[in-house]
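Turn these sequences into a full structure, and let the hints guide you.
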Amino acid sequence: MKIRYKILILFTVLTVSIILLMATFAYLLTNRHSFADFYKRLEIRAYIAARAAFEENGAAYEQIRNEHLERLPYEQEYFLKRDSSGKVATDPRLKDLPRTFISKALTAGKATYRHNDTFYEGVRYVKEQTTYVVIVSARNDYGSRYLADLRKVLLLCIVIAAIVVVTAGLFFSRYILQPVRQITSQVKNIRAHNLHLRLNAQNSGDEMSELAQTFNNMLDRLETAFETQNNFVSNASHELGTPLTAIIGEAELALNKQRPEEQYRQSLQVILQEAERLEHITKSLLNLAQTGFDGKRQQLEKIRTDELIFSVKNTIDRINPENKVEIDYTMLPEDEDKLCVLGNAQLLQLALSNIVQNACKYSDNRPAYIALAATDKSNIIIIKDNGIGIPAHDLPFIYEPFFRASNTSSYKGYGIGLPLARNIIRLHGGNMIVNSQQDQGTEIRITLPTYIE
Amino acid sequence: MKHVLIPTDFSIRSLRVLHSVVEKFGHEPLTIVMMHALRMPTSITDLMMLSRRSAHYDLITEDYKDACEIIRNKYASSIHLLKTEFLFGNTSSVFRNFLQYQNIDVIACAATEEFRLAGKDSYNPATLISKSKYPVYKVPLKQRKEKFLVSAMSELFEV
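As given, the protein sequences belong to chains V and S, one line each in that order. Per the numbering used here, the very first residue in the first sequence carries number 1; after that it's consecutive. Per the numbering used here, the very first residue in the second sequence carries number 1001; after that it's consecutive.
These aren't lab readings, by the way, just hints derived from the structure by calculation. Here the structure is a predicted model, which means the values were calculated and not measured. Hints should not be assumed to be uniformly reliable.
As the list claims (entries may be wrong) - Keeping only pairs whose Cα atoms sit at most 25 Å apart, straight-line, the calculated BS3-like set for lysine-lysine is:
{"hint": "1", "chain 1": "V", "residue 1": "K283", "chain 2": "V", "residue 2": "K313"}
{"hint": "2", "chain 1": "S", "residue 1": "K1024", "chain 2": "S", "residue 2": "K1083"}
{"hint": "3", "chain 1": "V", "residue 1": "K95", "chain 2": "V", "residue 2": "K40"}
{"hint": "4", "chain 1": "S", "residue 1": "K1142", "chain 2": "V", "residue 2": "K324"}
{"hint": "5", "chain 1": "S", "residue 1": "K1138", "chain 2": "V", "residue 2": "K377"}
{"hint": "6", "chain 1": "S", "residue 1": "K1065", "chain 2": "V", "residue 2": "K377"}
{"hint": "7", "chain 1": "S", "residue 1": "K1083", "chain 2": "S", "residue 2": "K1138"}
{"hint": "8", "chain 1": "V", "residue 1": "K2", "chain 2": "V", "residue 2": "K104"}
{"hint": "9", "chain 1": "V", "residue 1": "K313", "chain 2": "V", "residue 2": "K324"}
Below, the structure written as structure tokens:
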């Protein structure tokens, strides 16, 4: 069953049962009160009837009764005398009355009894050592009419309330589940090829925006994992290609014809050199590819950003020995604690080395700078090159996976590095700003929140 | 304790004077007052609400704040306090009052003027500074390169 209908049923049952309970309670209270009231009236009549029958000035009582007391429907009076032996006379019309009624009237002074619509009130009356039981019976027509009306009104109210509640419940459940439906339809649109899409989460802090936020975080991690794989493949095919070509060329050259031993030695030397470089590259690429997404829990640790940048520089040196990347330490804070961030060292290294690799690649190894500074709340890393830049009309799309700017056709690449780097920075709660001008250069500013103990 | 006044236009470039200031006076703790000069408003209502006005704080950019923090962190042992203050008015007496109130010992400013108007009421306090008879330390800065980047933050790194 859909949750919507569950909510609707639950809501209706709850509301209607509360209304029902209140109505029943009100009805029972009114019912009891109208009985008590009617017995009181019968009691007064019994006393007056007794006075009218047995007192000397009975005529006056009779007169008052006739003038001021309206006859109740089916009003009957019975005078039962108790003889000296203690037996009370009976009346054939009172056959419905239980025996206990009379004895209770004798002992307690009064007794009440109800048979269907007829109400009996008995009182004890003592006149000159003779004890009588005076019983007045009547039908409570007014009360029962009143109660019947009340019943009808209450039933009608419950029916109307139930209809209103069901209609309100329909809208209510629709309204409550609206964000869930939105999330569902948005998540449905996200596939492997558009993992960069995100749900629009309102910042209202309720459970639904939390859910959307959780989905977005999951997508961040998924996308990063996905891109890491792609990045490895593209890096591998690109970086491994150059030394492999050199090895193949050298070997082919050596095998071309018979050569003196010295030349073979030289060729083998070159091949060895290139193979060693290949090993270096594979190692560092594998290093980069081990990102903590291998089923283990993502480990967050305290990382020194200056050390991070240094190891990035080392990696770049190994992959691309001709680079001219310089690290600018001039703005380092005196307090080293301000250089700590919380994060996954391998992921951050992957992000930064991708950016720095880009800086080298798209500037044909012209000088590039990595600068590091710390404000009170964040670490700022600026990577600047003098390369070909990004055309202004391409800037809005640089974070889309597999997008490549229009001026990059002479460079190999797959358009994965920058989105990956941005995702990693985002996973660490930081942000990344790209400033660029075509044919002048690019400056990327990364902000990472400082880890404060 | 030395109190140094540096005029600022809220560009990162204006903060570069700080490097030389710390180099020259950094042997004792420094209180540095970055001063931005604003003309007194001319309308009566603006004048009445002047003490409650906060619009001028919008002139302080996030980059400028970050850069201030970076510099303060860099010279944590020399810079005791780095604050930004506004000077309202363009008469010498107002400026003298300001200098006395802030307890200024020396004024430092760039040798070559490169003033940018941060807001519509901003003005260049250079003439006030030269008339104030306070010691002025002129800091030679490299000529501004023709630059392509919008991000001001990288200017901080070109000493």
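message = For a quick check of understanding: which of the numbered hints are violated here, in increasing order?
response = The structure breaks hints 5 and 8; every other hint is satisfied.
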